[in-house]
Amino acid sequence: MRKEIYSAFDSVHASRELKDRTRAFTARRQASRPRSPRRWVAAVAAACLLLAAAGIGGHWLYFTPTAAISIDVNPSLELEVNRFDRVIGVEGYNEDGRALAALVDVTFQRYDQAVEEILNSETVTALLARDEVVTITVTGSDTAQCHRLLSGVEGETAGQPNVHCHSANHDQVEQAHEHGLSYGKYQAYLELRALDPDLTPEDVADMTMGEIRDLLRALSGQGPDSGQNGRGEGHHGQEHNQEGARETHAGQQGGAQGAGQGNGAQGGGNQGNGNGSQGAGGHRYGR
Amino acid sequence: MRSEREVHTAIERYGDTVQRLCLIRLKSHADTEDIFQTVFLKYALRDAPFDSEAHEKAWFIRVTLNACKDLLKSFFRSRTVSLEELPGLAAQAGPEYSPVLEAVLALPQKYRDVVYLHYYEGYTAAEIGALLKKNTNTVYTLLSRAREQLRETLGGDGDA
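For the record, the sequence lines run as chains E and B.
If you're matching positions, the first sequence starts at 1 in my numbering and goes up one per residue.
If you're matching positions, the second sequence starts at 288 in my numbering and goes up one per residue.
Each hint should be verified, as a subset may be incorrect.
[As the list claims (entries may be wrong)] Have a look at the derived ranges for each label pair, beta carbon to beta carbon:
1. ARG21(E) - ALA413(B): 34 to 40 Å
2. LYS356(B) - GLY55(E): 51 to 57 Å
3. ALA54(E) - ASP334(B): 36 to 42 Å
[Stated by the list, open to error] Here are a few chain B residues that sit away from chain E, every Cβ distance over 10 Å (derived from the structure):
4. GLY302
5. ASP303
6. HIS342
7. THR428
Because the hints were derived from the structure by calculation, they are not lab data.
Note that beta-carbon positions come from the ideal geometry of N, C-alpha and C, so glycine has one too.
With the hints as extra help, turn the sequences into a complete structure.
Written as structure tokens, this is what we have:
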């Protein structure tokens, strides 16, 4: 029986097709299997990439300045404001400005809080106490944001008579930066230059806004508190101009006189004849 | 994971064993391919090495028997026939086996296992007990009862 049973089972074989199909199946599954961890890695990588992209996008959104608030007293500094009205950078445009920028820590604050903190800083309160003038200029490419920032800043500074708020367009700010000035000071510089073309941006950079205003008043010959001195200067300027005009006039006259004298000398060399001949000639031609 | 070559060698070496185990366990030819796929894929994906060839063979037997058990347990499988198989079902009355094999396959399943493992694979009662997680004495009992039944069916001399 043992042999019979053995040979009975021994006659049973797996078919060639079944073996081949099984082989193909395992090969297929084995080939697809290592791809699954790879797919996982790819999925994780994609997720990471997406996160990174979102991060970079968010970073870009947050850290791209869309507006600037320029604050000028003598310290000139500018707050870079992002689209969420947060301060993302403070830049000083002169030495005092840099010192003040280093002193106040307003980065990542809301713009109105930042302005408030700067206006309340010791440096600025001391200057305001000396009746200095603060000019705050809001600039940016987004008009809506500029309006919002300006009204916010105006609200913040409503109680302070010596604080002036403006808004300006982006190109003007770029020009200001090219000259190494903050926008508020650059505007003042432009006004000054119209009156005195010799002024350089460097002259203005370290003047306080109050000094600039005084100088403006002085140069334009008006202003209630520059009074006599301003008028005097203006008057002097006029006098100087008149003198210049007179000098020119005298010069012309002198030239004419010289010419006359020369003629006279020449005439003196051969008096009578010359004149006579000239006269005769004149007469002759005249006739 | 094993190389394609290793899997190929294993299919050639143990394909017949798996086929025979399917025969004593399933009876249905249609399910044999499922078992083949299950068993050899498991082998292909197995990283742990085998101590010996005997260990490897025992592993194949155990995995095949478990796969057959799982297949039979599945209610859906046991009660349904797929549409693809249906046309061939009437014609496929099963291959013609020798009377001895028919007699073995007519035995209850618990006898079929021990008969195959003992008479064909040459395992001792103790080894069969280890493989099937059964008491050695139980295996002895199963073997002797299987022999009795076969003797009755085949009218043989019973030399085991």
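Hints, verified against the model:
{"no.": "1", "hint": "ARG21(E) - ALA413(B): 34 to 40 Å", "verdict": "holds, 37 Å"}
{"no.": "2", "hint": "LYS356(B) - GLY55(E): 51 to 57 Å", "verdict": "holds, 53 Å"}
{"no.": "3", "hint": "ALA54(E) - ASP334(B): 36 to 42 Å", "verdict": "holds, 39 Å"}
{"no.": "4", "hint": "GLY302", "verdict": "violated, 4 Å"}
{"no.": "5", "hint": "ASP303", "verdict": "violated, 5 Å"}
{"no.": "6", "hint": "HIS342", "verdict": "holds, 21 Å"}
{"no.": "7", "hint": "THR428", "verdict": "holds, 18 Å"}
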